[in-house]
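Using the sequences and the accompanying hints, generate a full structural model.
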Amino acid sequence: MLEINSLSVGYNDRIILNDISLSVHPGEVVALIGPNGTGKSTLVRAISGVLPLQGGNIRLCGRNIKSLTADARARSLAVVPQIQSLPASFNVYQTILLGRTPYLGWLGQAGVRDHDAVCQAMLQTKTDHLAERSIGELSGGEQQRVLVARALAQATPILVMDEPTNHLDVSHQTAFLNMIRQLAVQCQLAVLVALHDLNLTSLYADRVVVLSDGYLKAVGTPEQVFSEEILSPIYGNQLRVITHPEYGTPLVLPAGPEQEYAPCGRGYRIETSVETRVHAYA
Amino acid sequence: MSRPNFLMKRSLQIYLTSFGILTVTIVLSVVVGAVFIPLDEMFSVFLDTSTTEAFSAILLKVRIPHMVLILLTGSALGGSGAAYQGLFRNPLADPYLIGVASGASLGAVFAMSTQLPNSALGFYAIPVAAFIGSVVTVFLVYSLARVGKTVPATTMILAGVAVSSFATSLTSFLMLRSSGELHRAVSWLMGGGTMGGWDPVLASLPYILIGLGVLLASGHALNVLQFGDEQAHNLGLHVERTKLLLILSASLATAAAVSFSGVIGFVGLIVPHVVRILWGADYRHMIPLSILGGASMLLAADALARTVLAPQVLPVGIITALAGAPFFLWLLRGVRNQVFAQP
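Those sequence lines, one after another, are chains F and Z. For the first sequence, my numbering assigns the number 83 to the initial residue and increments by one for each residue that follows. For the second sequence, my numbering assigns the number 1171 to the initial residue and increments by one for each residue that follows.
Hints are supplied without guarantee of correctness; some may be wrong.
[What the hints assert, rightly or not] 20 Å max Cα-Cα, derived SDA-like pairs, lysine to any residue: (1) F:148 to Z:1411; (2) Z:1319 to F:131; (3) F:148 to Z:1400; (4) F:148 to Z:1415; (5) F:148 to Z:1343; (6) Z:1319 to F:299; (7) Z:1319 to F:251; (8) Z:1319 to F:137; (9) Z:1319 to F:93; (10) F:299 to F:138; (11) Z:1319 to F:147.
[Said to hold, decoys possible] Computed far set for chain F versus chain Z, every beta-carbon distance over 10 Å: (12) 104; (13) 105; (14) 118; (15) 127; (16) 130; (17) 153; (18) 159; (19) 181; (20) 252; (21) 261; (22) 279; (23) 312.
Because the hints were derived from the structure by calculation, they are not lab data. Don't be surprised by glycine CBs; every beta carbon is placed ideally from N, CA and C.
Structure (structure tokens):
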């Protein structure tokens, strides 16, 4: 179980997150939402121990993260990063095997148990048919599943994910979140996942944590948190919340186009830019 | 699916091939030179049967120690090159990226220009000065590149380039001021500094063995580092400790190699690329194969350098680039689409 107590984090002197407290229990999927730049990724980086804490503490299964060795931390907590460019020369099997790093010695000699863990992780994420493919040539959805498989191979009770559905289309997003829910329940994982899409969050999260301007604004079930009163000021937008016709969960609708548009004076702007260019040449 | 053995067979094959090539180049390096030694004579020296004393002397006092020194130097350059390319995740990285060569050059040229060879240190003034120069440079680059508690690859590369340029300028200045030693200095800078006898072998052996030993054990750590510092941290690696250990080991091996042989370019750059193209980028195999490949390439280049204009001996750095660059480009043309094309 993951516990965060009055956490403060920042880069140098700039504080990004203030007084954040939350907990994630085994078998539960907690979504982390909030507008761009409110510190979702910073919170993920703080939990993973990349950023030094300026206040508060983080406990992984009851133990303070500061007191853990790198190996012990990586055996309690796995992090699924946003997909960036992955090293194309690795194949899927090799990539997932790296999840066993905290269990291997310095030489990295993998044993039968490590290979079994990799195979199981591939089955759970349906990546077994990709084993010999290079990760560089996979689609975004496949790459994301491989990164989850690597995290599962770490065999940790806690799983933290940073916007894993970013580059996926809607069907891959739902398939991915279904897989995460299933893993959370079957393996009793405590899952904290930063998400962007409010409606997917509402459908798939047990609880929601809302971050805004570096503060925790609300925690609760989607039904409790997804209200026009809470979300509209945070997103600075007149949002509408309705009920899903099939599941009864809240659906968040964005504000429509504004009725009147102010003229933007495009012609004027082109003139000045031409002028400045002429001046620059002269 | 059980343990993957689709890589096992191929790796056995490639190791056998690599050792085969190395054996051929070792024999080549021993038999060729100003005097050609026939193979049967070579073996009779070892089997202690009748042989001409001249051949025996050439082999045991000149050819074999020289071969071993070149083998060690090539191993150090190949292995360190692979480690640096993995560490900095930069295909342009070579063992000289963070100033080992420019520091060694400055030390060596300083020793030549101040006539240190005539001092108490004797003939060893040049390698000792080169070794000190390279170690000081690497520590300078490392401390300049520190940002808080971390040493990002980018600042390390930039600090390396800046400090290298500074050291190279000083070297050029020293060379201009001491025209008497100019020919020797230029030759040293092109890899023509190889010293004879068993002493340089014994002096450089511990550093190269320790350095390469650590690199050989770090293949898995280098694999993890390919995913970036943050993911490596999340996978349970002590990122900064690992980086420091790798930099120290690779620099130590390179510094020892450069000090006794001069600056030999290109081996540390292309050998890891050749291995990557032919085999793949798993660093648990990249490091040993680059060590074998570096030794083979340098032995072959050195044999050429001693025969092309025999009895004159060319600086081996000229040969590595002259013969190595076209070979590498040919290899690159064939496969660049598969290996270097990013999706």
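Next item on the list: Mind listing which of the numbered hints don't hold for this structure, in increasing order?
Entry: 4, 5, 6, 7, 15, 16, 17, 18 and 19
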